[in-house]
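Keeping their order, the protein sequence lines are chains A and B. Once you know that position 145 of the first sequence is 146 in the working numbering, the rest is easy, because the numbers rise by one and skip nothing. Once you know that position 197 of the second sequence is 198 in the working numbering, the rest is easy, because the numbers rise by one and skip nothing.
These are computed hints drawn from the structure, not numbers from a lab. Hints are all accurate, no fakes.
Where chains are identical, the list cannot tell them apart; a pair therefore holds if satisfied intra-copy or between any two copies.
Below, simulated DSSO-like cross-link-like pairs (lysine-lysine); rule was C-alpha separation at most 27 Å, straight line: (1) K536 <-> K563; (2) K320 <-> K103; (3) K453 <-> K438; (4) K27 <-> K58; (5) K122 <-> K27; (6) K538 <-> K508; (7) K446 <-> K530; (8) K27 <-> K218; (9) K530 <-> K122; (10) K129 <-> K536; (11) K122 <-> K536; (12) K341 <-> K383; (13) K27 <-> K538.
Number of protein chains: 2
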Amino acid sequence: MILRMSSLFLRTLREDPADAEVPSHKLLVRAGYIRRTAPGIYTWLPLGLRVLRNVEKIVREEMDAIGAQELVFPALLPREPYEATNRWTEYGPNLFRLKDRKGADMLLGPTHEEMFTLVVKDLYSSYKDLPLSIYQIQNKYRDEARPRAGVLRGREFVMKDSYSFDIDDAGLENSYELHRKAYIRIFDRLGFDYVIVKAMSGAMGGSRSEEFLAIAKNGEDTFVRSPGGYAANVEAVVVPQAEQVDAAAVPAAEVVDTPDTPTIDTLVDALNAKHARTDGREWTAADTLKNVLVTLVHPDGSREPLAIGIPGDRAIDEKRLGAQVEPAEVVAFEDADFAKHPTLAKGYIGPGVLGKENTSGIRYLLDPRIAEGSAWVTGADKSGFHVVDLVYGRDFTADGTIQAAEVRDGDPAPDGSGALATARGIEMGHIFQLGRKYAEALDLKVLDQNGKLVTVTMGSYGVGVTRAVAAIAEGNHDELGLIWPREIAPADVHLVATGKDAAVFEKAAELAGELESRGLTVLYDDREKVSPGVKFKDAELLGVPTIAIVGKGLAEGTIELKDRRTGTREDVPVADIVDQLVAAVRA
Amino acid sequence: MILRMSSLFLRTLREDPADAEVPSHKLLVRAGYIRRTAPGIYTWLPLGLRVLRNVEKIVREEMDAIGAQELVFPALLPREPYEATNRWTEYGPNLFRLKDRKGADMLLGPTHEEMFTLVVKDLYSSYKDLPLSIYQIQNKYRDEARPRAGVLRGREFVMKDSYSFDIDDAGLENSYELHRKAYIRIFDRLGFDYVIVKAMSGAMGGSRSEEFLAIAKNGEDTFVRSPGGYAANVEAVVVPQAEQVDAAAVPAAEVVDTPDTPTIDTLVDALNAKHARTDGREWTAADTLKNVLVTLVHPDGSREPLAIGIPGDRAIDEKRLGAQVEPAEVVAFEDADFAKHPTLAKGYIGPGVLGKENTSGIRYLLDPRIAEGSAWVTGADKSGFHVVDLVYGRDFTADGTIQAAEVRDGDPAPDGSGALATARGIEMGHIFQLGRKYAEALDLKVLDQNGKLVTVTMGSYGVGVTRAVAAIAEGNHDELGLIWPREIAPADVHLVATGKDAAVFEKAAELAGELESRGLTVLYDDREKVSPGVKFKDAELLGVPTIAIVGKGLAEGTIELKDRRTGTREDVPVADIVDQLVAAVRA
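Isolated chain A, as found in the complex (with noise of 0.2 Å):
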């Protein structure tokens, strides 16, 4: 095939687009593959859509290798499966919700998972039907709050979902590994550096979770790693319980006078100047217990306050609060909710009327790094006063312990494997053993080998396909373009024509056509009235990773070859050409 860029419908533009913050979105944009129109929803322009049916075409040959098997779902869809499962609810305002001309509820389908299994219901009856994995490469529909980056996080978006169906619980297990090494060579395949992390299983109710994350400075997901081996998303790092310690030697708590110290930077000036410690050592952040106060909203829109303990050195992570109390959203506790809980003295709130008595009547959890027997500075419930030596398990309780700290660089792995060290990435991939949570929601049972009705046990697999275009983007480009790899390039070869000779444009083009029927897809610049100098930006800026450019040197009988990534250049002589070409391609 040869796209001929006198005619191909594109603009490429010199200038970042107004809404852009990040490098692929940019370029994507400069190099004429994607379109605006409206937030978080995007036009596939001619070289993007080859693009994005490239990635598809990875992600579907791997499936297929696995016997995975396609359908495809409507994206607009009934209310009723999802109002079975409570997801018309939960999913809040992420859902795009809309009626038919008669009124009935409808809605975008954001995932497939209440389709997939009744779709299975309704054509199996028994065991000898599983094991089955089927999968749809598809729209989605998300309304996000920050639709951002482009085609990274979108509000139409294409995904591939895959669900596996098994018998038992190992037979999940083996579907989800066939799942994983497919994910592996698909992310492989995409040439992505990435990493596999543990995720959260949460609300969706299942055991085993997994991400795929392409490493990313842009990313929005953190996650962690150790020397060890531990890798996990932030939101999955289950902090151990501290053990717990003696307390024979905490003095009894006591009130201290510390006026105007509503901060932990305040309180720990405060103390080290009129309440020094008894073993001498400074007073540090470490050792005061700060509650946070925050407001939970339900999917059903009702509202509830909930404290939560922590170590006065570490800030709450949003994301990782966010996970723990999902459907619910988290949103600020404010001056209005502190006028209806009046035993709360802002700045100075403490586990005594929290943890206690709880007069407060509010949820408290801890930070599980709060070890039993171990002595806090913390508010005393009175404007302007701290209690020291406040002893959990001897002066205070709690409702439980929450993972909503901040983790840190350095914090120990969970699993002992060492220090733990931060990074960013894009969540590229999800594989998720769901286990029976849809199938007993929507009462999917088959006949097992005695004949007796059982349960089926669902596996999820996803993979963003449109992000996975903006990912690849984000991992490959410099400040000239973008540099595709090759199996993702919207073509083959770029063939670039220069000058005003005609027999630079014949030449060119006989070659275009020669590449063509080597089945090569050449994307050539056949422009006239346009300077090389365009015409290599161009080049650099769409990314095709061989660059062939017909000019000056066909005198000499030489075309010069430049590969996009590493910037080497050869004059090739002409008789060599195609076969370099098409090596150079399937190599």
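Once you've looked at the hints, dock chain B against the given chain A.
Just chain B, lined up with the frame of chain A:
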């Protein structure tokens, strides 16, 4: 590729689905190609998806062959462009509308004229950029009042829509011709028995417009053909205005007493009984002028009465009338409406109050068959009375003509090419010279050769892709099941292993592998414990054109080949089978 029926996600059904009326719907569901998800919304199961992709591939190849370039727009679109063209309103209840989380109005694209126009405006600015043809193959949404016949008329469906952009009318004519030829190739390859008919351009504001109709007795469209080559969708038939006749010999109009004659039949009987014609001929319905009242509901909700005068021997054709008054909808003229117009004598309405003094205030349009100078019996605007010898032009006038009366077998073709015959078809494609309507509404201008801004002229070209699957099935089946054209079939060969002999299954598996290595797709019925009878029934139902049966004959060294369409059977030596199958498929 080998599709093994032992693990294929497929269940064939022996019973027709309860909601299915037409053969294609029944068979596509029974054969496990599609499955209903909601009214007019379907899931494509693995074999169905293969068929759908085959149709898409043909459409794509032929669009690419005329230099059209593929891109893809979102399905979820912002309101503003559709507001600019007034389609947000005009589409009425057929448009799926929704609001996003910020309250912005959005829609699910029914067609993408606006988006195509805007993307060209966005990227192009000069006559040098034209001509351009761009297309997409993508999900469309229309909230049909009566979704029917499975995927023949769905609410979510796949359509190929393309648009051409030209600097002048000659360019548009050329782009139109290119698409027309591509469509002929597409519908030839899809195996349709089709007809190209003149179509309405109507409200869309364009000029030349043709439809490709698959001839099908269950089709929703009625078309007419003449021996001389005239062919038109019945909505597009333009009956010429009857020529003026001489009314000199017609006596003065006379009101006659015709009690209890509110219908044409009772009127004709009463006239023949009590008011014999002077020329001795009997009165017939064709002598009467019937005045029909309807109410138009405009997109803004306003209601307008309309009176239509047609010869009494014809009925109003709702589709022809609907096409004339688009985007208004036609509803019945109710008693309440009569109450608002007291001069109307129900059952005896005449041009007295409608067409001359027009005391009713109602717009009055006549069928073009009503010639100036012709005399009619019609209502006298007084209950129980009619008027005879009322001459159009002499005794009454009207506000214009309307093409709303039925067209019948035997009517003369408008171009004089003989008598019309009516038949039914399924609209598979529509090509349409849009002209400048959208370009004007959205201000798409480019610089011409003289540096002057000119409005671009556009063509619009659609193919119903999901509908094509149903229409092909509608035209390719028998009482046993589907019979796919080869290029559309989900597999090249349906290979059936029968009996319990291990040697049979071994040979069949070997054969499947050999066929796969030759590039064929094999649907291999490798199911154990399924009787030959069930396997043969399934093969007939599924409709792969070539069936190969490995069974009893294997002992004698033969395999049975069956042609699904002709039913011919042949025993082929094992040694020849692969070559013979490959030859049959490649033929």
